[in-house]
Amino acid sequence: MAKKYDLVIVGAGPSGLLAAKAAGLAGLSVVLLERKSDITRLDRMCGQTLVSVNDYYFDDLVYYNRQGKSIGFIKNGFSFAYDGPVQGCNAWHIYSPCGNRMPFGLPEETRKQGDSGMVGLAYDKEILFRCLLEEVQDAGVEVCSGIDVSGVESMKDRVKVSGSGKAFEGSYLIAADGTNSRIARVCGFNEGRTFYSYLLCRGSHMRKLDLPDPDILLSGITYRTPAPGFMFIFPRPYEGECSVAFLALDPRADLEKVERFFTHESPFFLPWFKNAESTRQLASAQYIYSPVKEPYKGRVLLAGDTGACQELENTGAMISGWKAGSAIAAAVREDRIGIASRGIADYVQWWKATYIEKCPHEAYLMNFALPYVLDTEEDLNYLFSLIKEPLPPCWNPYAAIGHIGQLMQGLIPTIQEERPAMLQKLAKMSQPMSQVLAEATRGCAPRMELK
Amino acid sequence: MKERYDVTVIGAGPAGLLAAKALAQNGFDVAVLERKQDPAAITRACGQSLLPPNEYFFGDIFHYNERDKRFCFSVSGLSFPYTGPVKSLYNWHMFSPGMKKMQFGCGEEKKTAPIALSYDKDVLIKDLLRDIACDHVDVCAGTEYTDMQFGPGTIVVKAGEKAFQSSFVIAADGTNSRVVQKLGYNSNRRHIANLYVQSCFIKGFKPPHDNAIITAVTFVDEKPVYLFLLPRAEGDEWNFIILTLEAGVDLTAAYDRITKDARFAAWFKAAKKTKEFAAIEYIYSPIQRPFRNNVLIVGDAGACQELECLGAMLTGWKGGLAIAAALKEQELGIMPRAIAQYEDWWLNTYIKQYDYQDYLSIFGIAYMFSKPEVIDYVFGLMGDESFPATFNPYRAVGLLGGRLQSLMPRIMQERPDILQVLAGTMSLFPSDIMGQTLKK
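Quick note, the sequences are listed as chains A and B, same order. Using my numbering, you'd call the opening residue of the first sequence number 2 and step up by one each time. Using my numbering, you'd call the opening residue of the second sequence number 27 and step up by one each time.
No lab work stands behind these hints, which were simulated from the structure alone. In this text, a Cβ means the ideal position worked out from N, Cα and C, and glycines have one as well. Please note: incorrect hints may appear among the correct ones.
[Claimed, not checked] Partial list, computed: chain A residues near chain B (C-beta under 10 Å):
#1 ASP39
#2 GLN68
#3 ALA330
[To be verified] Over the 12 Å line for every Cβ pair with chain B, so calculated as not near, a few chain A residues:
#4 LYS37
#5 ASP61
#6 PRO421
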């Protein structure tokens, strides 16, 4: 016999935990299911940063309350305790293969502004999980870990979830099982989504890096692999520690080769890694789909990365989780008193207005598209060499693309004069991302099932 | 007391305390000024210890989470502890002078969602004070706002000898807001009437219906008087409110006359007052733009008479969050938007979706139908069938208007004289009808 709840939530990441907290506080009977046996353990690669702590993101202002040791979302009016360490990220710099730089903010400037100069905030996600889990349990939520959900059955008035030999029944289900969501796939939400490519990632926590600035986010791009490779370095909230991720959209890139380029081959990057020690290795493999436009059907509501193009970032996942939990709380009330439903419709409308329209996924993908558009190392080195002034401090993929667009407009006359052929390549940026990234998509064929 | 606060909140009612909660939760320093020595002591007549758990109101849906003893507002995700007693009310009975009755809610107790939850306002205020207690909040009781001075980036709020410096001010000092009056915002508002109120808690009341809201319209010396009888959350006490828009009605005498009146005598035979209150409220049209010069007006202070408790709570909470976001915007040096969004919400939700003229209609019934005989006739016709369960005045007025419309053909046949009266008044705004009559 399946145990009955108002709400079943699948996935105890930031989004699922906040959905559980919102619904629990509203008095719903909630069960939160998680595949991992230890919810507080992080077992895949993650940058572990809050994006955009210096500007609006999803129409909210997220910030770290240093005095109160909490993370707050002002507009949506929620916050939660986080008692772990933090490290401010004071800028984001992207490097071309030869080491030319596109700086979003200069740390020597932003550091002077203290916390309001930070573009992002690095935290320890395992501690964040522990803190959120405590709040969720305090809100009366039943938490079941080690449940790998494999079946979802939507019925007229409820939805049944089964996995790991157990069954749970809810009036509603929130799927917060992240990118590669199995619930989204099983329930047919993936139909009609555009598949762009994979996002393959391996990396490690490292110590003793010799970085130009230890308190900023760094990205690098390489062409020395069969397909473009990327590197992201995220500060960690522990002295001298960083998280280094090597990524590619296209499995031909070979992540080992990407890593070797940055750590052993590139004359510019290799000095950063001369004394590096890796403390913990992590990986991840994700599908990049266009977002789900209708995140609700058959009593299943998608929250967080589950319905997003790759990811909403932790910030977006938390906001959408909280709002989804609140929407189901409203829906359960509506059902109980027998009035017309609108709570879920309001969430869907918010999803469309805030995410689909204001944060277009094509803009998000452009961040990965640059080496596919400027397809030689020389192009990118040249383009970055033209950047004389720093761009505004920013660690928000949607806003960054806007800043790059403005920068390009200013550079066009110079490029036209010096490298007219490059302009034609840049013009490709105006094409749909499915065309721009066609080569990566082809590289992923035949598509494999990622488990 | 701190030298400087981020925000000074004037008024420690539900709106002010929720604004303070929103700000303190985000780490901003708040001073809450309250005129009374004890913020939790209810010193004036108040009918609004009721919240609607059965419908959307001001865009949100209220729910009492019994398991954790919390008041919850699902849409805005706001919740806070309430440890006091509650009582579910299932119907609203409305009596005419001749005791014809209209009823909202069909009366199937326990089977339907209650139309209102009665709670204890003292406990609510105490719980809210406990909920917001932290280093960031200074609640200054017995501190009466007297004046405000505007300097560059700073507002100085004076309260007698004391002065509070802050970047923003939230005025949550209720109907008859002194802040609103002193800032001159009332000059753009329309003054419609005054509401004279006396109320008392009574024991031994024999209600015609249990667990219900009972209201009646009657006349004292030919002047319309409204009675509200609301069950209190705990025990068998009721809150009995007598109100009128007419100056010169002796409400104390009215109490004695009404309770001994043949129509009501049976209800009040054993009734004893346990506590008495009074109030005089100015009824103004609502403020359209509640933010000027870094002062935000929330709750009843900017409303037409009152927003009901739910509205006061929501505007306090949302107003507090908007100011918190504005402070953050300043800190980060980014384009401001939060307060403009709050003003949009206020305009769309309160001004546009909930028309204060509808709200006024509840007090306008006696004036629109003008004579007891007409009121009796209309109530008699309309009371045949119960209305959907609500005590939301805006919705109730819509429901009444709809039914009256459908009865017009019958009225035309039966009482063409009454149809003439209705045709004359229904084409006017309630504020105009009330204004005209009251001027005489």
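Hints versus structure:
1. ASP39: violated, 27 Å
2. GLN68: holds, 6 Å
3. ALA330: Since the shortest Cβ distance to chain B is 4 Å, the answer is holds.
4. LYS37: Non-interface label stands for A:LYS37: nearest chain B Cβ at 27 Å, farther than 12 Å.
5. ASP61: Given that some Cβ of chain B is not farther than 12 Å from that of A:ASP61, nearest at about 8 Å, it is violated.
6. PRO421: The claim holds: A:PRO421 sits with its nearest Cβ about 37 Å from chain B, beyond 12 Å.
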